[in-house]
Amino acid sequence: VTIMLEELLALGHTGAEYDAWLIKIGDGDQFGSGFVQVNPNSKIPALMDHSEPKPVRVFESGSILTYLAEKFGEFLPTERAARAETFSWLFWQMGSAPYLGGGFGHFYAYAPQKIEYAIDRFAMETKRQMDVLDRRLAESEYLAGPDYTIADMAVWPWYGGLAKGRSYNDAAQFLSVHE
Numbered sequence: 463v464t465i466m467l468e469e470l471l472a473l474g475h476t477g478a479e480y481d482a483w484l485i486k487i488g489d490g491d492q493f494g495s496g497f498v499q500v501n502p503n504s505k506i507p508a509l510m511d512h513s514e515p516k517p518v519r520v521f522e523s524g525s526i527l528t529y530l531a532e533k534f535g536e537f538l539p540t541e542r543a544a545r546a547e548t549f550s551w552l553f554w555q556m557g558s559a560p561y562l563g564g565g566f567g568h569f570y571a572y573a574p575q576k577i578e579y580a581i582d583r584f585a586m587e588t589k590r591q592m593d594v595l596d597r598r599l600a601e602s603e604y605l606a607g608p609d610y611t612i613a614d615m616a617v618w619p620w621y622g623g624l625a626k627g628r629s630y631n632d633a634a635q636f637l638s639v640h641e
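Each residue of the sequence shown is one higher than the one before, starting from 463 at the first, in our numbering.
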């Protein structure tokens, strides 16, 4: 979501200026201090748009990206087929990333004890997902076609970081992931 806001600012959308609030999930900040009023599921990210006559709350990454794209008229095609392709890849990421982060990332890098079956199971799925992306990007400059969209913004932090070796310690080497 921060990527989207920064991209909007780079395009000159001054209405995309934002205040980011640090939510320390390890300390449980998401369960108090008014955060639950913004996101009843107590997860990050969440957005409060105070530029409207009545503040608008938006939670869940895909929902926030869609809201901002529609509000500013950027990064979401208006042509029906291109829009559908963008949403297909955006929702692919929403359904796939939990296997990468909550599955593979957790059991490989953070679990207090290594459970080989869980690591192997989620590693297999993560490799499959990386292959899906690799095949798509071999035929298209961006996920949804020739233009950079909210789908790319959603996928990059999860899968780009892994491909660049920036996620879960030595996970890229373990998974044999290459740029």
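Hints are computed from structural coordinates only; laboratory data are not their basis. From the three backbone atoms N, C-alpha and C, an ideal C-beta is built for every residue, glycine too. Any given hint could be a false lead.
[As the list claims (entries may be wrong)] What follows is a set of in silico ranges between Cβ atoms, one per label pair, in the way DEER data are often shown:
#1 Gly474 to Ser525: 37 to 47 Å
#2 Glu578 to Pro517: 42 to 52 Å
#3 Gly474 to Glu578: 45 to 55 Å
[Said to hold, decoys possible] Derived EDC-like pairs (lysine to aspartate or glutamate); straight-line CA-CA distance at most 16 Å:
#4 Lys505 to Glu479
#5 Lys626 to Asp609
#6 Lys533 to Glu547
#7 Lys533 to Asp511
#8 Lys576 to Glu514
Evaluation of the provided hints:
| no. | hint | result |
| --- | --- | --- |
| 1 | Gly474 to Ser525: 37 to 47 Å | 25 Å, violated |
| 2 | Glu578 to Pro517: 42 to 52 Å | 48 Å, holds |
| 3 | Gly474 to Glu578: 45 to 55 Å | 51 Å, holds |
| 4 | Lys505 to Glu479 | 22 Å, violated |
| 5 | Lys626 to Asp609 | 22 Å, violated |
| 6 | Lys533 to Glu547 | 20 Å, violated |
| 7 | Lys533 to Asp511 | 11 Å, holds |
| 8 | Lys576 to Glu514 | 48 Å, violated |
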